[in-house]
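Read top to bottom, the protein sequences are chains A and B. First residue of the first sequence: 1, per our numbering; consecutive thereafter. First residue of the second sequence: 1, per our numbering; consecutive thereafter.
Source of the hints: derived by calculation from the structure; they are not laboratory data. Note that beta-carbon positions come from the ideal geometry of N, C-alpha and C, so glycine has one too. Incorrect hints may have been included.
Quick list of the computed label-pair ranges, beta carbon to beta carbon [as the list claims (entries may be wrong)]:
1) A/P255 <-> B/R88: 25 to 35 Å
2) A/A89 <-> B/P115: 50 to 60 Å
3) A/E70 <-> B/R232: 52 to 62 Å
4) A/L73 <-> B/G177: 31 to 41 Å
5) A/F262 <-> B/L251: 20 to 30 Å
6) A/R78 <-> B/R232: 42 to 52 Å
7) B/G91 <-> A/V212: 31 to 41 Å
8) B/G91 <-> A/F262: 11 to 21 Å
9) A/Y99 <-> B/D51: 26 to 36 Å
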Amino acid sequence: MKIDAPFVERILAGFIKDKLAKAGFRKGILGLSGGLDSAVCAHLAVKALGPGNVIALLMPYGRSFGDEIEDALDVARRLRLRAETIDIAPIIDAYFERYPTGDRVRRGNKMARERMSILYDVSAREKALILGTSNKTELLLGYGTIHGDMACAINPLGDLYKTQVRELAAHLGVPEGIRTKPPTAGLWPGQTDEAELGLTYEEADEILFRLVEERASAAEVAAAGYPKARVEKIAAMIRASEFKRHLPPIAKISPRTVGHDFLYPYDRSE
Amino acid sequence: MRAVLAQFAPGLGSVSANLDRHLETIDRARREKADLVVFPELSLTGYRLRDLVEEVALDPAASRPFRKLRSASREIDLVVGFVEEKPRERGLFYNAAAYLHRGRVLHLHRKVFLPTAGMFEERRFFSEGRNIRAFDGPHGRTGLLICRDFLHLNAHYLLFADGAEISIAISAAPGRGVSPPARGFASSRMWELMGETVSRLTTTFVLYVNRVGFEDGAAFAGGSFVFDPFGRPVARAGPFEPEFLIADLDLGLIRKARKAWPFRRDDKPEVTLAALERIVRGYED
């Protein structure tokens with residue numbers, strides 16, 4: 001699971017630079033949460049584009065995540081990139097006052113999608129391309145809000161497990177406080193990913209690595225000494241979240257259909 | 001013999017822009033007094049073409065890019081990668097490599113082994129080549145292979161049995177695996193290992209030119225190389241970045257290697273043929 005972090009940095013910064021050039025953009029924009037993934041993405045973006053071409057958008061819900069916003073501002077200051085803060089509380093509150101719910105997952109997803117909506121609007125204002133921050137662990141487990149935090153134009157981190165993102169973060173000089181604090185999706189105050197998933201990222205990544213990279217069956221992974229219930233839970237989460245990793249299927253009725261047999265590369269030049 | 005390995009990043013779908021890059025590289029190679037420039041797989045078109053295949057296909061006998069390349073080849077030999085469509089076989093597209101010499105196409109190889117698994121889908125868009133053969137090149141008997149061809153032992157054996165002394169492979173191999181202790185991409189080791197092994201056991205020069213750059217998220221690994229007929233590295237490019245790699249090949253080594261290691265003299269193609277016939281006849285569904 002170990003990575004050659006300096007080489008990975010070169011590839012991912014190269015990817016960002018290449019993608020922006022091909023799409024005709026000079027600037028990149030990302031949502032900076034104060035967590036590990038967006039901090040790493042910001043570092044890579046600065047390497048690729050220079051601090052003047054990276055915009056960090058901080059979108060707290062009021063003051064309920066005070067430390068997170070401080071950490072995010074600290075990253076922005078250290079990297080000397082442009083940071084802008086938009087409080088989503090008035091928007092979210094206006095909606096839920098009119099259509100109340102006690103379901104905190106719904107509230108959390110609504111917040112993630114509100115952030116997406118603002119990110120896309122500001123990206124249009126700034127003529128900047130949106131850099132995604134979903135890591136491989138989240139993508140495989142489906143631990144993200146579809147059309148929320150999973151929405152982006154390009155994703156430099158999507159092939160790195162969470163523990164590999166931590167390794168890269170150490171190489172990039174991301175502050176230790178950000179690297180060691182418990183990861184949170186920020187769905188509600190005090191929420192942590194590991195408590196919600198019922199797994200540590202170390203455990204999840206080791207099991208995912210065997211299932212995905214080594215193509216082991218759940219039975220083989222369990223036989224290698226991992227708790228059977230956890231392995232099966234992870235395998236089930238992968239299966240259940242397949243829809244989050246695709247564009248929606250199109251009902252095919254014509255001889256040539258987008259996504260089925262109308263097939264062009266994303267990166268066409270000219 | 002001086003060869004230039006043009007490890008670069010072709011643009012996807014833009015033949016005219018890629019042609020310009022070829023002509024610039026050829027100029028530079030001529031200034032460096034090179035005898036041969038080798039470009040990577042699909043160097044005129046880019047790799048992940050999918051439905052663009054039909055839009056970028058070229059007839060090497062008639063198209064404008066090939067007129068330019070044939071003209072450039074009057075002073076320096078070229079190996080280029082492109083999508084071939086012949087006027088007599090319209091609608092069939094091949095992933096092809098051409099060896100150009102003194103204004104004409106001396107040899108054309110159509111990729112035989114089209115990877116169609118995992119991230120690869122070449123057989124969805126290309127026709128398969130049906131021949132692997134060596135030809136008499138200006139620097140000795142030569143063979144061309146394209147990317148995945150290079151990973152099939154029988155492709156190397158056929159060139160060897162056909163007398164090749166110089167084997168040239170052009171490639172668009174993505175990099176996979178970034179775990180230590182590999183330098184660069186872990187997958188590059190497989191290509192190097194094959195190059196070293198084949199050059200030594202067939203006593204031929206092996207030139208491998210891989211592209212770099214990104215297409216739809218995949219990074220091509222670079223790591224182009226030349227091994228001599230004793231299996232020793234002559235030149236090696238780094239991973240991931242463009243490189244204009246010059247390799248000086250002492251062609252006298254072919255004779256020396258074949259004297260020291262008479263694998264070619266001692267080869268028994270008739271044994272191979274008889275055994276293969278038996279194996280093929282014995283296929284069961």
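TODO: Hint by hint, work out which the structure violates, then give me just those numbers in ascending order.
DONE: 5 and 9
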